[in-house]
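The whole structure should be built from the sequences, with the hints applied where relevant.
Number of protein chains: 2
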Amino acid sequence: MGKENIKVKPRTLSGFIELLPNKQIQFNKIMDSIKSVYESFGFLPIDTPIMELAEVLLAKAGGETDKQIYQLRKGDNDLVLRFDLTVPFAKYVALNYHLLKFPFKKYQIGKAYRGERAQKGRYREFYQADIDIIGDGELNVINDAEIPSAVYYAFKAIGIDRFIFRVNNRKILNGFFEVLALKDNAQDLLRIIDKLDKIGIDEVKKELVNINIDSNKIDNIMAFINIKGTPEDIFMTLEKMDSNPLFREGLNELKQVINYMRMYGLSDDYFKVDLSLTRGLDYYTGTIYEGYLTDYPELSSICGGGRYDNLTEYYTDKKLPGVGMTIGASRLFGLLEELDLLPDMNTNTVKALIIPLMEDKTYSIKIANILREKGINNQIYYEDKNLKSKINYAIQLGIPYIIFIGEEEETNNMITIKNIETREQQTISIEDTISLLGMEK
Amino acid sequence: MGKENIKVKPRTLSGFIELLPNKQIQFNKIMDSIKSVYESFGFLPIDTPIMELAEVLLAKAGGETDKQIYQLRKGDNDLVLRFDLTVPFAKYVALNYHLLKFPFKKYQIGKAYRGERAQKGRYREFYQADIDIIGDGELNVINDAEIPSAVYYAFKAIGIDRFIFRVNNRKILNGFFEVLALKDNAQDLLRIIDKLDKIGIDEVKKELVNINIDSNKIDNIMAFINIKGTPEDIFMTLEKMDSNPLFREGLNELKQVINYMRMYGLSDDYFKVDLSLTRGLDYYTGTIYEGYLTDYPELSSICGGGRYDNLTEYYTDKKLPGVGMTIGASRLFGLLEELDLLPDMNTNTVKALIIPLMEDKTYSIKIANILREKGINNQIYYEDKNLKSKINYAIQLGIPYIIFIGEEEETNNMITIKNIETREQQTISIEDTISLLGMEK
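Chain order of the listed sequences is A and B. Mapping of the first sequence onto our numbering: residues 1 to 441, in sequence order. Mapping of the second sequence onto our numbering: residues 1001 to 1441, in sequence order.
Everything labelled a hint here was simulated from the structure, so no lab data went into it. Predicted model, so just to flag it, every value in this text is computed and none were measured. A few of these clues could be false.
Only pairs whose alpha carbons sit at most 25 Å apart, straight line, appear in this in silico DSS-like list of lysine-lysine [unchecked claim]: (1) A/Lys390 to B/Lys1101; (2) B/Lys1195 to B/Lys1183; (3) A/Lys9 to B/Lys1319; (4) B/Lys1007 to A/Lys74; (5) B/Lys1035 to A/Lys29; (6) B/Lys1205 to B/Lys1195; (7) A/Lys35 to B/Lys1023; (8) B/Lys1156 to A/Lys374; (9) B/Lys1366 to A/Lys255; (10) B/Lys1156 to A/Lys366; (11) A/Lys388 to B/Lys1101.
Now the structure itself:
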């Protein structure tokens, strides 16, 4: 045993989350609710490794490295920690193509890693909760509506009511750029417009000037992304515009997505068409969405995603179009906590603390076994403290009942139970204890 | 869009687990059962990062590096991936000491990383399911019995019935070595005896000779670790031996642990005292245990742990004794799968596949919404395939019912439902559908 007295200061890496048990229970309950909703739509769980070969995970980046990516070398392998769940999922689908049934609907809640400068609401290790649907060859556009609908029900299930999806379609944007004879600038345009919320209209215009877009086209673009109104207002405006097949295809898809979201039960309070939404990532090919808390539009988005028809192209020649959405689970939890919007929930997992009042613990353990067998979570306090400390322990952990076990209780085959909230105390039979605690939720 | 036709072969790192959804569902259900049992004993969830500062995680190792440890550098930090959940937990307790309530009972199911040579049953990324109890200053020995008892109920809950714990106490071993005047060799002796199962008696003897143990003492040691019988037989033999206070303290603890395990409901089929059990890790100070599948003693252990009174000493001067056990969750799952011992369980998460037989999906989505609202998981098949493919999809995914929605069904506000197993098909109202599917488990 190394008994040397040199201490290492215990600390957790900046940007890494470590919750106390009561917060952890809240987080876990929220994740469990999300899982249940995803399963109710037929999404199946998968769990990919957090580490991949660099050449596999960075296939898309063409071997380029990124300062945010955690890289390591082990033996002969260059490894990276996943920076999202989407790229490893594309690999999973390509790898297991012959074993999966399509359309393949999956969910995954797992950790991802980005070495960002740590700041509020930005983590270096964070949970994402993803759903995706992958088709074999084709994938009906209704799936593009099902994805935000499932996320809608997930948010509802965890007690969030004030959120809204911005919805757009990359084909409309790219079609519009083509009409403006700016096809070659499409990537840059998407990237610059994506910054609108962060840098504002003037800076966006400046950046457009910097990439040599004509000022009349800039005006056109700014007017376009500023089209406001109900989905139908916007559709009508778009229909009157100069267009091309790509534009019309996108518009048609967007109409269907909005229409189907309504069928899935979403009222118009929960989504809006937003032509300024571009999503930074270049793998989206059609529908795109992003969600945020309705009352906090200035805060970061809580989910985002879209249609990607070619994400697996780095791994396979098979056409495997997909659509998906990521909830930034850690970020969402952090936001809800900060805004004091975490739903009220019971975070105590134990119904009763058993406090033995005698040396022999036989009867206490017997009672604990019986209660557990009846599905009543409980815990025995064994340590040698004064009674007040023991009672405080129950109170601090939010355990609602204390069961006292003394000689008399054992002799009469009873227990003494105290309701911490009402302070009511009674000596009752084991059967009555089971009914009392079994009833409580 | 990088449309270049160069493909990267999709593959998963050797030693890393990636399950297909039906296996993932089995694994998740097993983990959920384990969690429920742990919570029924009052263990609370925590979730520590998978990465720590090298100086923090390797505090115990005194900065030494280990070939098995995944290390990386990011910015100014030397980082390591955790190789178990125990050391990060010790850090967590030291760090959060003032915010935790003691005795602190925690569980954690998470991934750990070891760059071992990949071989059957050995993974480089693997789940561990840990429980631990930490006391503030003291920790009653009954906790040493509660730990394997909780694991016992966890195994029972996941349908494993044939397993057994080997139980021993380090104080007996160290006391015995002291009596033999081998106190200075204690670490080596524990390490060598630990290899008994792997290398056999003769090799152990050879290694003892190599560290210059007298042959009569070797005979003594071999006789000692070979003492067999019921716990009471062994206790009686030990009581008659030359002893010292440490030895008697260990024996007394071991008796109590066995006694309390019986009180917790474990029959003698589920544990045995085994004086040859030493556990390799040097942080154990008292009770030690290891569990294996009764019918496969030659296979690797499925859980292990023990009492560690000084694990947090690298981080704090506070005395925080603990006891815990780790289930090798990935290894256990792999073993059960290999031995065909995975309990039968329902791995389909969806009750009905809805197949629209008409272009307009409004009524299908309406039915899906209603069923989901009633807690009936379902999925709509939207893709353009022939009917046979759609029915096969349900069969392959193990979905028990198909609901057909055509014009007639919509007109009459009915649905046609087919039970895949019985092939029975009927056209019924939505209410009847809810009762039919809601009843099914």
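Hint check results:
1. A/Lys390 to B/Lys1101: holds (11 Å)
2. B/Lys1195 to B/Lys1183: Holds, at roughly 20 Å.
3. A/Lys9 to B/Lys1319: holds (16 Å)
4. B/Lys1007 to A/Lys74: holds (24 Å)
5. B/Lys1035 to A/Lys29: holds (13 Å)
6. B/Lys1205 to B/Lys1195: holds (11 Å)
7. A/Lys35 to B/Lys1023: Holds, at roughly 17 Å.
8. B/Lys1156 to A/Lys374: Given pair B/Lys1156, A/Lys374 holds - Cα atoms ~15 Å apart, limit 25 Å.
9. B/Lys1366 to A/Lys255: Holds, because 19 Å separates the two Cα atoms, which is no more than 25 Å.
10. B/Lys1156 to A/Lys366: Distance ~18 Å between B/Lys1156 and A/Lys366 Cα, so the pair holds.
11. A/Lys388 to B/Lys1101: Between A/Lys388 and B/Lys1101 the Cα gap is close to 14 Å, so the pair holds against 25 Å.
Consistency with the previously given hints is maintained throughout, with no hint failing.
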